[in-house]
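K.L.:
Taking the hints into account, I'd like the entire structure generated from these sequences.
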Amino acid sequence: MSAVLGAGTLLATALLALPVVSSAADARSSMTFSAPAQAEVPAAVSAAPALAPAPGPSLAPAPVAPAQFPLSASSLLLKSNAALVLDQSSGQTLYGKNVNAVLPIASITKLMTAMVVLDAKLDPNELLTVANEDVDTLRGSSSRLRVGAVATREDMLRLALIASENRAASALSRYYPGGRPAFIAAMNIKALSLGMRGTHYDDPTGLTSTNVSTAEDLATLVRAAHQYEKIREFTTTASDVATVSGRRIQFHNTNRLVASPGWDIGLSKTGYISEAGKCLVMQATLAGRAVVIVLLDSLGSYTRLADAGRIRHWLEVAAGYANPISVAHAEPRPTHATRVSAARVSVRKTASHSRTRRHHITVAARAHSPA
Numbered sequence: 005m006s007a008v009l010g011a012g013t014l015l016a017t018a019l020l021a022l023p024v025v026s027s028a029a030d031a032r033s034s035m036t037f038s039a040p041a042q043a044e045v046p047a048a049v050s051a052a053p054a055l056a057p058a059p060g061p062s063l064a065p066a067p068v069a070p071a072q073f074p075l076s077a078s079s080l081l082l083k084s085n086a087a088l089v090l091d092q093s094s095g096q097t098l099y100g101k102n103v104n105a106v107l108p109i110a111s112i113t114k115l116m117t118a119m120v121v122l123d124a125k126l127d128p129n130e131l132l133t134v135a136n137e138d139v140d141t142l143r144g145s146s147s148r149l150r151v152g153a154v155a156t157r158e159d160m161l162r163l164a165l166i167a168s169e170n171r172a173a174s175a176l177s178r179y180y181p182g183g184r185p186a187f188i189a190a191m192n193i194k195a196l197s198l199g200m201r202g203t204h205y206d207d208p209t210g211l212t213s214t215n216v217s218t219a220e221d222l223a224t225l226v227r228a229a230h231q232y233e234k235i236r237e238f239t240t241t242a243s244d245v246a247t248v249s250g251r252r253i254q255f256h257n258t259n260r261l262v263a264s265p266g267w268d269i270g271l272s273k274t275g276y277i278s279e280a281g282k283c284l285v286m287q288a289t290l291a292g293r294a295v296v297i298v299l300l301d302s303l304g305s306y307t308r309l310a311d312a313g314r315i316r317h318w319l320e321v322a323a324g325y326a327n328p329i330s331v332a333h334a335e336p337r338p339t340h341a342t343r344v345s346a347a348r349v350s351v352r353k354t355a356s357h358s359r360t361r362r363h364h365i366t367v368a369a370r371a372h373s374p375a
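Position one of the sequence shown corresponds to residue 5 (this note's numbering), numbered consecutively onward.
Since the hints were derived computationally from the structure, they do not count as laboratory data. Here the structure is a predicted model, which means the values were calculated and not measured.
Calculated lysine to aspartate or glutamate pairs in the DMTMM-like style (CA-CA distance at most 25 Å, straight line):
#1 101 / 268
#2 101 / 91
#3 125 / 237
#4 125 / 207
#5 125 / 137
Label-pair distances were calculated between CB atoms; the ranges are:
#6 201 / 78: 27 to 37 Å
#7 231 / 293: 12 to 22 Å
#8 152 / 279: 23 to 33 Å
Heads up, the beta-carbon is just placed ideally off N, CA and C, and yes, glycines get one too.
P.N.:
So, in structure tokens, the structure goes:
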């Protein structure tokens with residue numbers, strides 16, 4: 005019995021040593037384990053009286069807008085030697101690389117050619133004839149417009165902008181009031197009026213390397229050209245049909261991105277001569293923002309398109325629409341046309357291999373056949 009009384013005395017002493025708990029909250033805080041962390045209560049809710057919380061319309065979470073990230077030029081690695089990304093509305097430079105370098109611009113020239121033609125307000129239905137003077141003797145480039153081919157001024161403009169037809173651009177300049185010299189003078193006057201101080205034109209096609217400009221000037225050119233409805237329409241048409249000498253001929257755009265449903269392009273023009281490298285200018289809406297893109301002196305057939313894809317991904321990351329991890333290495337997804345082309349190459353290689361194998365079998369059979 006004395007042992008039981010001693011144990012009771014010890015238990016009472018231990019209970020008296022415990023701290024006094026005044027509330028349920030104090031009881032929870034005095035425990036040696038912790039409950040899972042709770043989400044932070046919004047200030048508007050915590051300010052309400054504890055016994056009369058403000059009623060809410062729903063317990064469902066409100067829609068969350070995409071996170072906004074600052075544009076970091078260091079995270080955008082472009083392969084083009086000169087590049088510019090411009091906010092079309094404000095004119096703010098979002099990215100720049102060698103923007104004032106004076107470089108050959110190849111067929112980007114044809115945007116200025118188109119503006120001068122449209123500014124003259126000449127009859128779009130007047131028939132123009134391709135002449136010997138329109139043949140490219142400098143580089144020997146091919147053309148589907150033979151000497152003597154006839155088309156309307158509008159169809160010539162369509163071919164110059166969609167398919168970058170050099171003979172069409174040349175014919176347009178010859179039929180300008182005062183001829184080609186007056187046309188080229190008008191191109192340079194227009195450039196100066198737009199403030200394009202680093203730009204000079206010597207021909208309407210871009211075949212000469214003395215047609216030069218800067219990325220900064222070309223962004224100005226794109227913004228000006230984008231105001232012309234015909235230029236917007238023709239440069240963003242994936243393929244079209246023009247009537248040449250009474251025959252309907254289909255032409256395709258030199259920029260395959262205009263046929264991609266994932267791109268919202270408002271103006272586009274490509275260019276290439278060996279001195280200029282691969283060039284591309286565009287107006288496009290990317291991640292909800294209208295931008296002007298200029299890419300000059302790109303190496304390789306797909307570098308300018310890959311750079312365009314990188315810019316798109318970069319802007320999408322900044323708007324919170326894409327994963328930022330791969331922004332520096334983003335490549336445009338292969339289009340259906342690219343996949344079909346690759347498949348055709350594979351089929352041709354397989355067919356060639358099969359023909360070679362059949363040839364070897366035939367030769368071997370002949371070698372072992374009786375005379």
